[in-house]
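Q: Sequence:
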Amino acid sequence: MNFNTAHFYESFLYGIKYFPNTLRLVFIPLAIGLTLGTVIALARVYKVPVLCKLLGIFVTVYQGVPIVVALMIYNLVFMLKFNDLAGFLHIKTKAADVDNIWVGIFALSLTAVCSISEAIRGALLSIDKGQDEAGYSVGLTKVQTIRRIIIPQMIPAAIPTLINHVVGLIKASSVVMAIGIIEIVAGATIPSSRTYSFFEGYVAAAVIYWAFTIMIEYLAKVLRRHTGRFRRNPYD
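Sequential numbering from 1 applies to the sequence shown in our numbering.
Worth double-checking, as some hints may not be accurate.
[Claimed, not checked] FRET-style restraints, in silico, Cβ to Cβ:
no., residue 1, residue 2, range
1, Trp210, Pro160, 34 to 40 angstroms
2, Arg147, Leu13, 44 to 50 angstroms
3, Leu54, Gly122, 38 to 44 angstroms
4, Tyr218, Lys129, 33 to 39 angstroms
5, Asp99, Val50, 46 to 52 angstroms
6, Arg147, Gly87, 39 to 45 angstroms
7, Arg224, Arg147, 32 to 38 angstroms
These aren't lab readings, by the way, just hints derived from the structure by calculation.
None of the values given here were measured: they were computed from a predicted structure.
Note that beta-carbon positions come from the ideal geometry of N, C-alpha and C, so glycine has one too.
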């Protein structure tokens, strides 16, 4: 099998063209996951009555649902029920007017919320309980203790696991092509329908993902170095 560099280059350019869609599919769910995941993790670690159990059940159950299955369910619900809901709310927007990338973002966001909440919960549990008591002893409220003492120490502990989840989110973003969203993989293989060079198309997509992942890992290294000063090394 011969590797056609011209077809590879064309596929690479098409993949780059749709790279912004992948960025949206990664960073919007990541922002939502970090925000809601932190709230869920704090509620579970600090045992907020009722809420901690409900959130624990939700995370456990949802993590057992494959992302492709969830994506298909949300897409079907969107197509079948959006117009009815819009009519009930007297909204003139129809399902055909909405970019279905938002269905993919919704599905990936829920996945990110669950996985990131578990990563943050693990990081919170790794912090000595004496840190809470130290905060209370100097007159800080629970919220002030969490914000000023716990979270700054939690961040460097959570970063390695969070980066794994970000990389997983980058990979998971490719499944949205199942509902017709064009991202890196779908974009890179567009020329293949004309040139039949599917091998070059998938290699081009792999190269783009590889470069994207390398960039994320580099930024994580910089962030780890910056936040490491907040976590005391017991061997210092």
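Q: Taking the hints in turn, state whether each one holds.
A: Hints, verified against the model:
1. Trp210 - Pro160: 34 to 40 angstroms: violated (20 angstroms)
2. Arg147 - Leu13: 44 to 50 angstroms: Taking Cβ atoms as reference, Arg147 and Leu13 lie about 46 angstroms apart, which means the hint holds.
3. Leu54 - Gly122: 38 to 44 angstroms: violated (20 angstroms)
4. Tyr218 - Lys129: 33 to 39 angstroms: Distance hint for Tyr218, Lys129 holds at roughly 35 angstroms.
5. Asp99 - Val50: 46 to 52 angstroms: violated (37 angstroms)
6. Arg147 - Gly87: 39 to 45 angstroms: For Gly87 against Arg147, whose Cβ atoms are near 44 angstroms apart, the range 39 to 45 angstroms holds.
7. Arg224 - Arg147: 32 to 38 angstroms: violated (21 angstroms)
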